[in-house]
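Asker: Sequence:
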Amino acid sequence: MTVKEIAKLAGVSIGTVDRVLHGRGRVSPETKARIEEIIKKSGFTPNPIARGLKRSRPFAFVALLPQRDQDSGYWGQGYGGLQSASEELSPLGIKTIFIEYDRYNPASFHDAVYQFNKLHCDGLLLPPIMPEESRVFVESIQGKIPYIYYDADLPGTEPLCVIGQDAFRGGMLAGRLAQLLACGKRGAFGILVAHQEDYHILRRRDGFYEYAHQHGLKVFQQQGVDLEHPEAASTLIKNLLDTHEDLLGVFVTSASAHRIAEAAREIRKNNHFIIIGYDLVPENHRLLQEGALDAIISQRPETQARRGLLQLYRAIVLGKSIPKREEIPLDLYLPENVPPYHREATTHR
Numbered sequence: 001m002t003v004k005e006i007a008k009l010a011g012v013s014i015g016t017v018d019r020v021l022h023g024r025g026r027v028s029p030e031t032k033a034r035i036e037e038i039i040k041k042s043g044f045t046p047n048p049i050a051r052g053l054k055r056s057r058p059f060a061f062v063a064l065l066p067q068r069d070q071d072s073g074y075w076g077q078g079y080g081g082l083q084s085a086s087e088e089l090s091p092l093g094i095k096t097i098f099i100e101y102d103r104y105n106p107a108s109f110h111d112a113v114y115q116f117n118k119l120h121c122d123g124l125l126l127p128p129i130m131p132e133e134s135r136v137f138v139e140s141i142q143g144k145i146p147y148i149y150y151d152a153d154l155p156g157t158e159p160l161c162v163i164g165q166d167a168f169r170g171g172m173l174a175g176r177l178a179q180l181l182a183c184g185k186r187g188a189f190g191i192l193v194a195h196q197e198d199y200h201i202l203r204r205r206d207g208f209y210e211y212a213h214q215h216g217l218k219v220f221q222q223q224g225v226d227l228e229h230p231e232a233a234s235t236l237i238k239n240l241l242d243t244h245e246d247l248l249g250v251f252v253t254s255a256s257a258h259r260i261a262e263a264a265r266e267i268r269k270n271n272h273f274i275i276i277g278y279d280l281v282p283e284n285h286r287l288l289q290e291g292a293l294d295a296i297i298s299q300r301p302e303t304q305a306r307r308g309l310l311q312l313y314r315a316i317v318l319g320k321s322i323p324k325r326e327e328i329p330l331d332l333y334l335p336e337n338v339p340p341y342h343r344e345a346t347t348h349r
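Counting from 1, position 125 in the sequence shown corresponds to residue 125 in full-length UniProt numbering; the numbering is continuous, with no gaps.
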């Protein structure tokens with residue numbers, strides 16, 4: 001079946017079918033559902049090579065992401081997945097362009113958007129981790145360029161798909177871990193929030209609070225903490241110990257648990273307290289294996305990024321329906337089950 005035949009059956013123009021196939025522009029929900037039903041029943045699949053031959057340029061996707069070394073190398077892990085998907089799609093006539101920015105500098109993000117706007121782009125993949133700037137950006141391309149989120153969500157926007165974990169459930173899991181690791185001891189747990197503007201970080205915090213409320217755990221939070229610099233982490237730990245004599249442990253909502261572990265190891269020597277963190281970045285991996293960290297929740301950054309590019313391909317080039325959300329499991333690593341750490345290794349899935 002051809003696009004023309006689908007349009008005739010649906011009683012719409014070829015352009016309307018094309019918008020549904022590629023996620024561009026606005027089509028009424030009823031018309032969209034009717035066209036998708038015809039596509040599904042007919043088994044229609046666009047030929048990407050034939051489509052590429054008809055175009056004056058190859059399909060181009062853009063991955064807009066933070067610098068690879070930021071957040072303890074977390075984004076570098078996702079970059080590996082982007083490269084893998086890019087190599088897989090290249091023989092099909094898909095070009096992938098990578099644009100990196102400093103996630104701690106709004107001006108750098110604006111420069112990245114400026115670069116993006118100069119490109120001819122068919123689809124965009126990004127983690128919306130700078131909510132204010134990301135919202136303005138995606139609203140400017142809404143209905144013009146389809147986009148997919150990975151790593152985080154941004155409520156109130158309309159991506160084709162969101163690939164990532166349920167951050168609230170991740171916080172609940174961290175709460176359960178805190179309770180189990182406390183082994184019945186009574187005391188307080190601190191939630192350390194480094195990126196208080198990030199929606200998914202706040203959802204992790206909220207999940208921990210919810211579990212604590214349900215099970216009677218004593219919890220407090222520290223917002224806007226600096227976990228990028230070792231000196232700041234050391235000062236933070238000293239202040240926490242001075243302020244909370246009954247401190248049992250902390251939940252670090254980002255990839256910087258290793259900063260807390262290193263500082264705590266120096267300050268408390270053999271008097272260990274519980275540290276639960278996120279992301280199996282190299283330093284977290286090493287310290288978890290050494291026992292300086294108690295648990296790490298991993299979110300498969302390489303898989304998320306790779307799936308993001310492949311879903312763009314399915315939606316835009318093949319015209320397939322894709323899920324609005326693709327949930328990534330909450331992987332839990334303990335000292336007893338973490339794979340052996342090798343300094344040259346940068347990714348763990």
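Incorrect hints may have been included.
[Claimed, not checked] Here are the simulated SDA-like pairs of lysine to any residue, each with C-alpha atoms no more than 20 Å apart in a straight line: (1) K4 to I38; (2) K218 to E262; (3) K218 to A188; (4) K144 to I97; (5) K144 to K40; (6) K144 to K8; (7) K8 to P58; (8) K95 to P58; (9) K32 to P58; (10) K144 to F168; (11) K40 to G11; (12) K41 to K218; (13) K320 to F116; (14) K41 to K95; (15) K324 to R286; (16) K41 to P323; (17) K185 to L248; (18) K324 to A7; (19) K218 to V162; (20) K218 to S234.
Simulated from the structure, these hints should not be mistaken for laboratory data.
Keep in mind it's a predicted model, so treat the numbers as computed, not measured.
Asker: If a hint holds in the structure, say so; if it does not, say that too.
Answerer: We went through each hint and held it up to the structure:
Taken as a hint, the K4 and I38 pair is honoured in the structure, with Cα atoms around 12 Å apart against an allowance of 20 Å. The straight-line distance between the Cα atoms of K218 and E262 is roughly 24 Å, outside the 20 Å bound, and the hint therefore fails. With a CA separation close to 5 Å, the supplied pair K218 and A188 stays within the 20 Å bound. For a cut-off of 20 Å, the pair hint linking K144 to I97 stands: about 18 Å separates their Cα positions.
Note on K144 and K40: the hinted pairing is violated, with a Cα-Cα distance of about 25 Å set against a maximum of 20 Å. Between K144 and K8 the CA atoms are separated by roughly 25 Å; this puts the pair beyond 20 Å, and the hint is violated. The suggested pairing of K8 with P58 is violated, with an alpha-carbon distance near 28 Å, which exceeds 20 Å. Restraint check for K95 and P58: satisfied, since their Cα atoms lie roughly 7 Å apart, inside the 20 Å limit.
Between K32 and P58 the alpha-carbon distance is near 26 Å, which puts this suggested pair outside the 20 Å criterion. A hinted pair counts as satisfied when its Cα atoms are at most 20 Å apart, and K144 with F168 does not qualify at roughly 32 Å. Only pairs whose Cα atoms come within 20 Å are accepted, and K40 paired with G11 is accepted, the gap being roughly 17 Å. With a C-alpha separation of about 55 Å, the suggested pairing of K41 with K218 is violated against the 20 Å cut-off.
With a C-alpha separation of about 25 Å, the suggested pair K320 and F116 falls outside the 20 Å cut-off, and the hint is violated. A C-alpha spacing of about 31 Å is found between K41 and K95, which places the hinted pair above 20 Å, so the restraint is violated. A hinted pair counts as satisfied when its Cα atoms are at most 20 Å apart, and K324 with R286 does not qualify at roughly 36 Å. At most 20 Å may separate the alpha-carbon atoms for a hinted pair to count; K41 and P323 meet this at roughly 18 Å.
A distance of roughly 8 Å separates the Cα atoms of K185 and L248; the hinted pair therefore holds under the 20 Å criterion. At most 20 Å may separate the alpha-carbon atoms for a hinted pair to count; K324 and A7 exceed this at roughly 24 Å. Restraint check: the Cα-Cα separation between K218 and V162 comes to about 33 Å, which exceeds 20 Å; the hinted pair is violated. Between K218 and S234 the CA atoms are separated by roughly 23 Å; this puts the pair beyond 20 Å, and the hint is violated.
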